[in-house]
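Trainee: Chain by chain, the residues:
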Amino acid sequence: MDNGVASLVGLLRISKSYGGVRACHDVDLTVRAGEVHALLGENGAGKSTLMRVLSGDLTDYTGTITVDGEPVRFHGPADAQRAGIAMIHQELDLVPGLSVAENIFLGREPRTPFGTLDRRAMLRETGNLLRRTGIDLDPRRHVGELRTGEQQLVSVAKALSLDAKVLIMDEPTSALSSAEVDRMFAVIGELRRSGAGIVYISHRMDEIGRIADRATVLRNGSVVAEFDARDMTADQAAEAMIGRPMRAMFTTHENVTSGEILLEVKDLVVPRARSGRRDPAGISLTVRRGEIVGLAGLLGAGRTELLETLFGAGGRWQGSVVFKGRSTGRRKPRSAIRAGVVYMPEDRRISGLALGHSVLANTVLSVVDRIARLGVVSRRRETAETTRIVRDLSIKLASVRDPVSALSGGNQQKVVLGRMLLTEPELLLLDEPTRGVDVGAKAEIYQLLGQAAQRGMGVLLASSELAELVGVCDRVVVLRGGRDVAELRTSQAGEAEVLAAAMGEVVAL
Amino acid sequence: MRGLAFLGVAVALGSLVACGTTSENRSGGPASNTQCKGAGGKYVIGMSQANVAEPYRQRMDDDIRTAAKAVPQFDVRFTDAQQDNSRQVSDVENFLTQQIDLLIISPNEAKPLTGVVKKAYDKGIPVIVLDRKVEGDAYTTWIGADNVEIGRQAGKYVAEQLLPDGGKIAEIRGLAGSTPAKERGDGFRESIRGRKIEIAVSQDGDWLREKGQEKADAILKSNPDVSVIYAHNDPMAEGAYLAARAAGRQDALKFIGIDGLPIPSGGLKAVEAGRLSATLIYPTAGKEAVEAAKKILVDCQQVPKTQTLKTQLITKENAAQVYAKENSGN
Amino acid sequence: MTGTDFVRSRRESALATVFRFQSLFGLVAVFIAAIVFSPSRNGELLFLTSDNLFNVVRAVSEIGIIAVGMTFVILIGGIDLSVGAMLGLAAAGSAVLLVENDFGLVPAVLVVLAVGLGFGLLQGVASAVFGIQAFIVTLAGLQCARGLARIWSGGQGIAIPYGDGPGEAPVAFSLLGERTFNGLVPIPALIFVVVAALAILFLRGTAFSRHVYAIGGNEKAARLSGVPVKRVKIAVFGICGLLAALAGIIHAGQLNQGSPNDGLGYELDAIAAVVVGGTSLAGGRGSVVGTVAGALLLGVLNNILALNGVDTNVQLLIKGLVIVVAAGLQQLRPST
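Residue numbers (the working numbering), protein chains in the order written: chain E, 1 to 509; chain D, 1001 to 1330; chain C, 2001 to 2336.
Derived by calculation from the structure, the hints in this document are not laboratory data.
There may be inaccurate statements among the hints.
[Said to hold, decoys possible] One side of the interface only, derived from the structure: several residues of chain C facing chain D at Cβ under 8 Å: (1) Asn2055; (2) Gly2155; (3) Ala2159; (4) Gly2177; (5) Thr2180; (6) His2251; (7) Ala2306; (8) Val2314.
Ideal placement from N, C-alpha and C gives every residue a C-beta, glycine not left out.
With the rest of the complex left out, here is chain E:
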């Protein structure tokens, strides 16, 4: 199998658990000199954990790492760098307030014989590195002023400066234009020719076909398939990543497809693109009463931005949004809630809950002025409302006066859902409602969404979990690059089709 090509790095039976949850289990992986090795898998499949082990970031694993055939044990990223292994993180680790040159040489600045900073050498070296990376940048510019794509390329230049033998790239092209992608691939080609090995993590099948030599697929922490990347198809990869479907988790609600149209979005565009993200660039979709519609798409496809815009929490937009037969202009969350639209944000800790405050205060927050008389809140009434929600949603707690932070993740999420339901909404917008929620609570949340739909509400559910989308939704709208590229009926299409559409191979059904 080795074909006589030297293996630069080997991972042997690597396992890593987080408090009883296996993230990686007995993973074997080799990186050879002069190859690009693609690593594939769904979110949570164990790719990041594995790469953090390899780059010295995680040190409490079992198994063996070999470098040039010798077993090694890293005690931190610095050890790994000394052994010639460098990683370009998805979340860029650059200091915005420093210049490009200062970032690249952070912590190992060249010195003059007098011990002072050798600025000239730093700028010269940085200029060379940037030229190799193929970007035209003044090394003195502050990183904070750069576009995300440029920052990504600066990270690549920084990695080059380390003269790494093995370079790990985690979604390096997520914010690059196609011209920049071409240049980055040229750099990768150059590295490959010089004998370096590259681990390449990406969701873009077209890129993997262009650049990768081999591909390894992880699922639930284990290697499930290895391919020769050049003759792998997107379907093959998607099937390997998903495995068998887990339909049993989902209680299906009666499919209502003939309900009246609740929400109709046409050509929604959010023009002011925030750095690095593709905001909606023309999205059309409808949601009917009694229907659960899924929103699929890769990171940066525009799901969150779409939901924020519909809720009135985003910026300016163009296009047409018709809710309950009435055209909707720009509005605030407060008026959206009044109109019957509620929103569950992606991260409940950052934007969903006041964690130190009581379950009661969090639950009634949206309706507190409605259950007040002359501005005075009736204690009895708010307690009664909260208690009803706690019972209906079977939120597990000791007292409604306990802080929300005392609850488990699933129950916290139910508090957010309860707050939404208390407003008696007609349209639920949900962004990753089951992230960080255990399996039991997940099933309960699905059930609650099904009940809501049955009562005539419309649900728009954004998720990165394919199984969830296919299992819960009636239809799935797939976004890519800020546009709706496919709409799939879950009665006819499965996870593979959704993934394929999200990754760029439009499936006609």
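Given the structure of chain E, go ahead and fit chains D and C onto it with the hints provided.
Mentor: Below, chains D and C alone, put in the same frame as chain E:
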């Protein structure tokens, strides 16, 4: 739980009332030496200072402390209102609670302190007011200097000694709105009236050295023909000197200030060193206050309602000598 | 499981209760210490004389009223540095209106309160609508209020004489410096107690107060939950400005003078009272009860140190230590 919180506040506030017992009002009315117990008595004196951050007031406290050491019957307590009228009212109220035998007060401002001084006086406590006055006559004696007169003498010195042939001068004033600033300015103008002296520019220096420097800096640029700088106190005059020195013009200009504090950083030393041409002593009245207190409490004598202390012109000739004399008591 | 089961609080440990009402316990502790260390004359504890106790409340009443407003601002995670200057503006403004413009008592008070409210609302708009940090907005506000006060009063402290003639203020205004109930209870103390009581009730049961706490707890979550964040923030700054103006009116009435330099540094004393009262500078946690207790605690401390003739400089040191200890104790609060 909120019941408990309410209860807590209720108890706290209630206890303020319930625990209280009405303190007896001592008879006596306006101070009439009823406090005098002669040489055998022991006396607690409260000294309420407006702001010890000012060197002049620090020196006043020091003078009182020094003078009181010589009177074994006296125990003087000091408070510092940090330039806050409200705080000074509280300070005096606390003295009244402590049932002091005599109050010395250097008021931050006249009107706001009048009420509490009257309250003390009406309780039969002799009150010695220093420097700034209070309104009305509900006090035993006021000791201080006449700022108008000091201003006059400064003007006279400028007109007769520094600019006998006339000229242009600049004025750096004390804090806008404060009485001494007004009086030191008015007196000065009175004596230069009719002479060929023009106040070319007048700026507020807020009594502060750094402000004096800043204002003088601007004046030297805008009015290069000014030959004398009159500052309402010594620190501002010193600041002006620094500005002139930075411009290399310290020898071409004359500086005069007011206060003449006998401390190492004071005006006497500045005149002795030749940085200032002259200063006028603004007496702290500390020593005189203790003398008055002794008369009232120990000697059972009357004191005059008003004691105006004389100022003294300090020039290079007498600076060292006065400095030595003022500090001989220590 | 019945509904009422959820309502009952978990039984709190004794320690947790102490922490929850930390400032009240602190107040009681300092109060007891004051009794123990009180000097006495003729067998009477000077600290406990009713005269003295009311002096304490009177002395903290201005800071206390300001601190109540400051509590609202700090609860939403803000800060208001302009309150001391606002007090000066209100004091000077009261004097000008009463003495120089011959306003009646009620019109003068209303105009000054309106100025305070308006100034606060403006700061709220700058902070909430334009997104400038509260620290910076109110730092600028501090300068502006001082400047306005100096302009309004011509840079002078304005003495307030009483009478019916022109240039004289209505005698009723001087009541602010008087005592009622047999000359026992100072009027400012009474006003302080009323303001505090209203604020306590207001911050407990109203929808507005829930919005205030929610914004301090998690502003983004509050906005996404439909809380009118900007409106609430603006209102909170308005309340703070209004109360600072009220304190300024009392200040002028007590001292019979309004000076543009009044209230120098009061903002820091007010913040100290709020912090000692257990309100978190991070927002979302705290109470007016705590602030009142904090203000009284600092007042009692001031008083007992003064009664014992402790050197002013040492007093500052002790007060600083008390503030640090109070803030430190909050760090020990069991995190929930």
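Trainee: Each hint should be assessed against the structure and marked as holding or not.
Mentor: Okay, the hints, checked on the actual structure:
1. Asn2055: 5 Å, holds
2. Gly2155: 4 Å, holds
3. Ala2159: Since the shortest Cβ distance to chain D is 4 Å, the answer is holds.
4. Gly2177: 6 Å, holds
5. Thr2180: 13 Å, violated
6. His2251: 7 Å, holds
7. Ala2306: 4 Å, holds
8. Val2314: Where the cut-off is 8 Å and the nearest Cβ of chain D is about 11 Å from C:Val2314, the hint is violated.
Figure legend: structure checked against the earlier numbered hints; hints not met, in rising order: 5, 8.
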